[in-house]
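Quick note: the sequence shown uses the numbering used here, first residue 2, plus one each step.
Simulated from the structure, these hints should not be mistaken for laboratory data. Errors might be hidden in some of the hints.
[As the list claims (entries may be wrong)] Pair ranges (Cβ atoms, derived): (1) D221 <-> K112: 19 to 27 Å; (2) L98 <-> S272: 41 to 49 Å; (3) V261 <-> T140: 25 to 33 Å; (4) L107 <-> L270: 23 to 31 Å; (5) S272 <-> N89: 49 to 57 Å; (6) V203 <-> F116: 17 to 25 Å; (7) V73 <-> S272: 52 to 60 Å; (8) K112 <-> A264: 24 to 32 Å; (9) S272 <-> Y152: 48 to 56 Å; (10) L36 <-> A264: 16 to 24 Å.
[Claimed, not checked] Straight line, CA to CA, 27 Å or less: simulated BS3-like cross-link-like pairs of lysine-lysine: (11) K273 <-> K39; (12) K74 <-> K188; (13) K212 <-> K112; (14) K153 <-> K251; (15) K245 <-> K138; (16) K42 <-> K212; (17) K251 <-> K112; (18) K138 <-> K273; (19) K39 <-> K212.
We put the CB at the ideal spot given by N, CA and C, even for glycine.
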Amino acid sequence: MHDYIIAIIQGIVEGITEFLPVSSTGHLILSGELLGFKGEKAETFEIIIQLGAILAVAVIYWRRILGLLGLVKVDSENGNTNAKQKLNLIHVILACLPAMVLGLVLHSFIKTYLFSPYTVLAGLVMGGLFMLLGQYKRTAVQAENIDQLSYKQAITIGLFQCLSLWPGFSRSGATIAGGLLAGAGYKAATNFSFLIAIPMMVAASGYELLKSYHTLTAADAGFFITGFIVAFALALLAVITFLKLLERLKLAPFAYYRFVLAAVFLIYLISK
Numbered sequence: 002m003h004d005y006i007i008a009i010i011q012g013i014v015e016g017i018t019e020f021l022p023v024s025s026t027g028h029l030i031l032s033g034e035l036l037g038f039k040g041e042k043a044e045t046f047e048i049i050i051q052l053g054a055i056l057a058v059a060v061i062y063w064r065r066i067l068g069l070l071g072l073v074k075v076d077s078e079n080g081n082t083n084a085k086q087k088l089n090l091i092h093v094i095l096a097c098l099p100a101m102v103l104g105l106v107l108h109s110f111i112k113t114y115l116f117s118p119y120t121v122l123a124g125l126v127m128g129g130l131f132m133l134l135g136q137y138k139r140t141a142v143q144a145e146n147i148d149q150l151s152y153k154q155a156i157t158i159g160l161f162q163c164l165s166l167w168p169g170f171s172r173s174g175a176t177i178a179g180g181l182l183a184g185a186g187y188k189a190a191t192n193f194s195f196l197i198a199i200p201m202m203v204a205a206s207g208y209e210l211l212k213s214y215h216t217l218t219a220a221d222a223g224f225f226i227t228g229f230i231v232a233f234a235l236a237l238l239a240v241i242t243f244l245k246l247l248e249r250l251k252l253a254p255f256a257y258y259r260f261v262l263a264a265v266f267l268i269y270l271i272s273k
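The whole structure should be built from the sequences, with the hints applied where relevant.
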């Protein structure tokens, strides 16, 4: 029963935070610290529940994904239903390639040196500052929706995504704020951030799963399935809610939340 409680708690943490600009990895590391849930089993479990969160986004964007693959026709978001869809796979590839390559090169270094609570707290603060930079120093909007994004904007967002390789920085925070700095509107930056999350997370989770699949056992099936389902359901609700709230809330409240979380957890670590 204790394992299932951990699965539910971590599934909730993953589902709520994966696509919010607050860093799901950072939250899972910190909550794992509080729960005493660490080691190979914990790392494999995090991969499984991330796949649940990915599935939630795939469900929400299923038609756009099929459109990118050329399997269905998707109307452009620029207001002209007869216009040819501008967003294509090249945009996605350009946005994903930098972080994928850099992540592969630096994988061992990141795993060895950047997955401690203290480095996560540093990532939370740095990511929050970057989000404030994106909100208050954003450039003039050149793309209100994803079909107006240029290849240059896509690769610029991809370069900013590399910042999220630091645990705690937040992939969505880096790409949304980076999109604002690249001239994308909130709607364009957010939708593009969620779309490119799918190949990024599938690649990262797949790579990690290949390295740790030996930790999977039939006895843990219920534990992993519970976390997967909880993460999927909460991620579905979180993405839908976030898409509705972002243009009104902007990024600043999430940045301030990160600062408070980092301060509170730093006090906890020092007092241990």
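Evaluation of the provided hints:
Taken as a hint, the range 19 to 27 Å holds for the pair D221 and K112, whose Cβ atoms sit roughly 22 Å apart. A hinted range of 41 to 49 Å for the beta carbons of L98 and S272 is consistent with their spacing of about 43 Å. Roughly 29 Å separates the CB atoms of V261 and T140, a value that falls within the hinted 25 to 33 Å. Between L107 and L270 the beta carbon distance is about 25 Å. The supplied range of 23 to 31 Å therefore holds.
Between S272 and N89 the beta carbon distance is about 52 Å. The supplied range of 49 to 57 Å therefore holds. A hinted range of 17 to 25 Å holds for the C-beta pair V203 and F116, which are about 21 Å apart. A beta carbon spacing of about 55 Å between V73 and S272 agrees with the range 52 to 60 Å that was offered as a hint. At about 26 Å, the beta-carbon gap between K112 and A264 stays in the expected band of 24 to 32 Å.
Range check, S272 to Y152: about 50 Å between beta-carbon atoms, so the 48 to 56 Å window is met. For the pair L36 and A264, the beta carbons lie near 21 Å from each other, so the given range of 16 to 24 Å is met. A distance of roughly 17 Å separates the Cα atoms of K273 and K39; the hinted pair therefore holds under the 27 Å criterion. Using a Cα cut-off of 27 Å, the hinted pair K74 and K188 holds, with the two alpha carbons roughly 21 Å apart.
Taking the CA atoms of K212 and K112, the gap is about 13 Å. The hint holds against a cut of 27 Å. Pair hint K153 plus K251 holds up; C-alpha atoms about 24 Å apart against a cutoff of 27 Å. Taken as a hint, the K245 and K138 pair is honoured in the structure, with Cα atoms around 23 Å apart against an allowance of 27 Å. Of the supplied pair hints, the one linking K42 and K212 holds, its CA atoms being roughly 12 Å apart against a limit of 27 Å.
Between K251 and K112 the alpha-carbon distance is near 32 Å, which puts this suggested pair outside the 27 Å criterion. A C-alpha spacing of about 39 Å is found between K138 and K273, which places the hinted pair above 27 Å, so the restraint is violated. Between K39 and K212, the direct Cα distance comes to roughly 17 Å. Compliance with the 27 Å bound is thereby established for this hinted pair.
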